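Engineer: Each chain is listed here by its residues.
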Amino acid sequence: MKKQLMVAAIENGTVIDHIPAQKLFAVVNLLHLDRMTSAVTIGYNLPSEGMGTKSIIKMADKFFTDEELDQLAVICPDLTLCIIRDYEIVEKRTVTLPQELRGIVKCTNPKCITNNEPMLTHFHTDASQHLKCHYCNTIISLDDVKLVEN
Amino acid sequence: MEKRSLVTIANHSREKIEYLIQMAQEFEQHPNRRLLEGRVVATLFFEPSTRTRLSFETAANRLGARVIGFADPKVTSGTKGETLKDTIMMVSNYADIIVMRHYLEGAARYASEIAPVPIVNAGDGANQHPSQTMLDLYSIYKTQGRLDNLDIFLVGDLKYGRTVHSILNAMYHFNPTFHFIAPEELAMPDIYKTFCHEHNIKYVEHTDFDADVISGADILYMTRVQRERFTDLMEYERVKDRYLLKLDMLSKARPNMKILHPLPRVNEIEYSIDENPHAYYFEQARNGLYARQALLCDALGITLDEVKNDKTIIK
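Chains X and Z supply the protein sequences, listed in that same order.
Counting with numbering that gives the first Met the number 0, you get residues 0 to 149 for the letters of the first sequence.
Counting with numbering that gives the first Met the number 0, you get residues 0 to 314 for the letters of the second sequence.
Rather than coming from a laboratory, the hints here were simulated on the basis of the structure.
Values in this document were obtained by computation on a predicted structure and should not be read as measured data.
Just so you know, even glycine gets a beta-carbon here, dropped at the ideal spot from N, CA and C.
Be careful, since some hints might not be right.
To be verified - Label pairs and their calculated CB-CB ranges: (1) T75/Z <-> A126/X: 40 to 46 Å; (2) D65/X <-> N10/Z: 27 to 33 Å; (3) Y18/Z <-> T95/X: 38 to 44 Å; (4) A126/X <-> P188/Z: 17 to 23 Å; (5) P109/X <-> G300/Z: 35 to 41 Å; (6) D304/Z <-> M35/X: 29 to 35 Å.
Make the full structure from the sequences, and use the hints.
Structural biologist: Here's what the structure looks like:
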């Protein structure tokens, strides 16, 4: 059977490929795709040779800052991004976990000030993939991270 | 004036701790001064803590400051839904420094980031209580003549006990040997044992508590084993008296050994020990006054030299 592209190519923009299928909606929320006005193509539960199923997001005319993209590492540490210009991939990059995360991750401690005051959360990351709350010092494993609801 | 909030002393250097101890010594010699005359200290207690509040307010009053604030959160606008930020910003208009106690963890850190005046953390939930730690360090220094190379025995609730965790963090500059004495349910959490490993701090764990164990101690730091910490009340009944310090358990104690307790005590230390020369918990509480005088002055940018050369001493 002839293979075909299940998602249309874009002229300029950003493609995030190989998103674990179940993480798709977390990525959508994190990048605030619901607020975008340009064309966004989302593929969910697509067949993947390496992963079984995967998700993919293509965003036309959208280029994120490094800071925005690195926040993705909180939910998908090994994500690859392709920057597309004139239908060509001009840059491929892997996201890396930033040292500071502001307003991204929710603190799991219900008695933390960030869960009781209108303010941004703030976490410090370390080499062992743990996040430490800047305010209450609670330590969260990346596997248990919950994102702030916007 | 430099804004120098005190949120935690976990990150204080050895030099800074020694500096504050020296300052507390100055205040112990002459606690009554007019060093803070004309200043207004606000004490905002979003959760009641009479002992800590009285200690801070006495420290401020004895230095000539005037004190405003509240002791009971029911009277504040917080109950009307006002945010912590709004309360802090409002009080910052009136006071030169804010001492705050809050039931939420991280509240003092947040306040220090938004307030234009220094914040002194008088306890934020189960998180930090740096003035307690400072008075503990001052008490250890005063009774032992040093902070280095001491055998420090921590007894009771080591799982939830904020004070013992803070001592552990603050003492790591001074090469201590810790002994952790607790029922299994309230044993020192792994995160603090990892801290000890990372900083090459020696520690020994015990579940027994008797004269032989106590014989190795320079400092015996007692804490309350609280009934509400236990999921199994049978277990509480079984262990609650095992960590009661009785007079005969001091028979083999080192002459320099002192018993500390953050107070209030319930049934951890037999009353007959109060008159014993090893008992130090009431003096420890008094040291809180001098330690808090030092912390208030440091937060207001007053240096040790200024305290030493102070001409406002009331004799």
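Engineer: Each hint needs a verdict: does it hold in this structure or not?
Structural biologist: To see whether the hints hold, each was checked on the structure:
1. Our hint of 40 to 46 Å for T75/Z and A126/X holds, since their Cβ atoms are close to 42 Å apart.
2. Taking the beta carbon of each, D65/X and N10/Z are about 29 Å apart, inside 27 to 33 Å as hinted.
3. In this structure the hint that Y18/Z and T95/X lie 38 to 44 Å apart at CB holds, the actual value being about 39 Å.
4. Between A126/X and P188/Z, the C-beta spacing of about 21 Å keeps the proposed range 17 to 23 Å intact.
5. For P109/X paired with G300/Z, a C-beta distance near 36 Å keeps the hint of 35 to 41 Å intact.
6. Taking 29 to 35 Å as the suggested C-beta distance range, the pair D304/Z and M35/X does not conform, at roughly 60 Å.
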